[in-house]
Amino acid sequence: MDALTIAMPKGRIFEEAYELLVKAGYDLPKELDDSRKLIVEAPNENIRFILSKPMDVPAYVEHGVADIGIAGKDVMLEHDRDVYELLDLGISRCYIATAGMPDTPMNEVTPRVATKYPKVASQYYRGKGEQVEIIELNGSIELAPMIGLADRIVDIVSTGKTLKENGLVEYEKIVDITSRLIANPVSYRLKQKRITELVENLRKQASL
Amino acid sequence: MTIQMFEKPLGMRDDFPFIAKKKAELRSNGTAIIQQAGYDLLQTPTLEYYETVGKISAIADNALFKLLDSQGETLVLRPDMTSPIARVAASKLLKEKMPVRLGYYSNVFRAQKREGGRPAEFEQMGVELIGDDSLYADAEVIILAWNVLKNLDIKSSRFVIGHTQLLQLILEDFGLDQEQIEKVHSAFVSKNSVGFESLAKQLPIEPSRLESFVGLMSTSTVEEWQQWIDPANTKQTSLFEGMKKLKTILERSGLADAVTYDLSFNSHMTYYTGLVFEVYGAGSGFPLGNGGRYDGLMKQFGLQVGATGFGLRVDRLLEIISADAEQENHTLILFDEPNEERAFDKAQKLRGEGVRVTLQFAPAVLAIDEFSALFSDVLRMEGAN
Chain H
1 MDALTIAMPK GRIFEEAYEL LVKAGYDLPK ELDDSRKLIV EAPNENIRFI LSKPMDVPAY
61 VEHGVADIGI AGKDVMLEHD RDVYELLDLG ISRCYIATAG MPDTPMNEVT PRVATKYPKV
121 ASQYYRGKGE QVEIIELNGS IELAPMIGLA DRIVDIVSTG KTLKENGLVE YEKIVDITSR
181 LIANPVSYRL KQKRITELVE NLRKQASL
Chain U
1 MTIQMFEKPL GMRDDFPFIA KKKAELRSNG TAIIQQAGYD LLQTPTLEYY ETVGKISAIA
61 DNALFKLLDS QGETLVLRPD MTSPIARVAA SKLLKEKMPV RLGYYSNVFR AQKREGGRPA
121 EFEQMGVELI GDDSLYADAE VIILAWNVLK NLDIKSSRFV IGHTQLLQLI LEDFGLDQEQ
181 IEKVHSAFVS KNSVGFESLA KQLPIEPSRL ESFVGLMSTS TVEEWQQWID PANTKQTSLF
241 EGMKKLKTIL ERSGLADAVT YDLSFNSHMT YYTGLVFEVY GAGSGFPLGN GGRYDGLMKQ
301 FGLQVGATGF GLRVDRLLEI ISADAEQENH TLILFDEPNE ERAFDKAQKL RGEGVRVTLQ
361 FAPAVLAIDE FSALFSDVLR MEGAN
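First to last, the protein sequences are chains H and U.
Residues in the first sequence are numbered from 1 upward in steps of one, following the UniProt record's numbering.
Residues in the second sequence are numbered from 1 upward in steps of one, following the UniProt record's numbering.
Accuracy of the hints is not assured; some may be wrong.
Stated by the list, open to error - Derived coverage of chain H by chain U (criterion: at least 3 residues anywhere in the stretch with Cβ under 8 Å from a Cβ of chain U; other residues may be distant):
| # | stretch |
| --- | --- |
| 1 | 55-69 |
| 2 | 78-91 |
| 3 | 186-198 |
FYI, nobody ran anything at the bench for these hints, they're computed from the structure.
Computed from a predicted model, the values in this text were never measured in an experiment.
Note that CB positions come from ideal geometry on N, CA and C, so glycine has one too.
Next up, chain H with everything else stripped away, as it sits in the complex (with noise of 0.2 Å):
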């Protein structure tokens, strides 16, 4: 059995798909006591997993130190790296919208967006003809309209409450995200059965 590696996001996501890969019947140790670990191994099944930060699984894995990753879509939008994405694991739903302070138009002379996604941000005004001014920032994004930095914020939303508890509402929706498990494409060729195997086993599972 071939050895894979797993690069995972740390948090939520990497529990619901522990978890998904628990219930597609593979072997993998109960307790993860020791939250601080940056590498869990799986010595039944073979498989290591890294855990990263979100914004870096498709990076471990277009350079192919995991085989596989779990990644959101909206990181592989932001970055576009050389991957294959296999499948849409259906967990950590959420959507990308633009958002801003109730019943303000843009800015018409300086029409200003607040971000952590540059360029998908970039894209979506681009496609309607707008010119903006795309101000990347690495957290907070709720600030930048309630404090006068931007007039729009593009950010991931996926209850609603951040945005209406700092009193402001959504705008438009530009795309939906989903976790998707994304491969290193020479992984993909050269560890093909066991990853495949793993995509029909965890597609079951994600359809449920």
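Got chain H; can you put chain U on it based on the hints?
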């Protein structure tokens, strides 16, 4: 931007001695196999016209290094070797000798946007077999690529083979127009199963055939391809028979376990018109090389002939084979002025015996011990001894 003295332009690399040495070995090993198979090596210029090679190369425009010559013509640093060789083959000189077998080991240039460290200049080693549209030519280049890799001690290489023309015919059979086919192609190139499955639902495909259509993406043997072949379509059946024949030849040559036949396999290089393949090896996360049939590219140079070939990326091969750094015999002779003549004679004698010798005037060395540690043997010819 201020540039530090030791900096190089984005994507350019220095080859330090141990890499340069490895490369030289790789080059002589690889080109020997290529020549043995009847190919002649050639070199083409580093600069080509943008209008010809630049546009035909199928490398994205923003990946080309462009410059102007003194006449105001736009030039490019050659982004690949296939199109310059096609240009050469189309010239009068070689037209009469078809089929021609040409091999190369050359550097090519592709500008990098992402992560500055990626190489923008790298060497490629490969062959082009021009003027033969039989499947024996296709088989020949695949087997040759396999032999080159085997000779470099890359044992775990794997080939993935597809067929763009057959795929095109099959997609047309599903009633798709060219625009829709392009969309399917791009999902196939990036192996985007998720995108492909949702695309399949939007395409005007009969619901009864949807499952079969989605299955296009997951084949690994030639036999599996048969389900989409229309027995009444002679073009399809003859291409399919060709694939079966190719498989037999490859199996006979020892590649049975090294090949995957994936009908959806496709290249982003748009000039491929028939069989296409890519090769992978354990140890590199990126493909080692690729190849295929590109009759369409020859047509752009005004030549109606078949052509096929492969190119291997030397930098990726090095990544795999550089693991073993063997210690070689290298003798250091340290001498001072009184021993000058003796040292020179000794060096000449040893070199004559085939030993690699560095002759060094001892007082010029700052740290004798550290310097000596770089050699397997040290002869000190100093003082009165």
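Against the structure, the hints come out as follows:
1. Counting residues of the stretch 55-69 of chain H whose CB falls under 8 Å from any CB of chain U gives 4; the rule of at least 3 is met.
2. Counting residues of the stretch 78-91 of chain H whose CB lies closer than 8 Å to any CB of chain U gives 6, which reaches the minimum of 3, so the coverage claim holds.
3. Taking a C-beta to C-beta cut-off of 8 Å, the stretch 186-198 of chain H contributes 7 residues in contact with chain U, enough for the three needed, and the coverage statement holds.
Violated hints for the displayed structure: none, as all numbered hints are satisfied.
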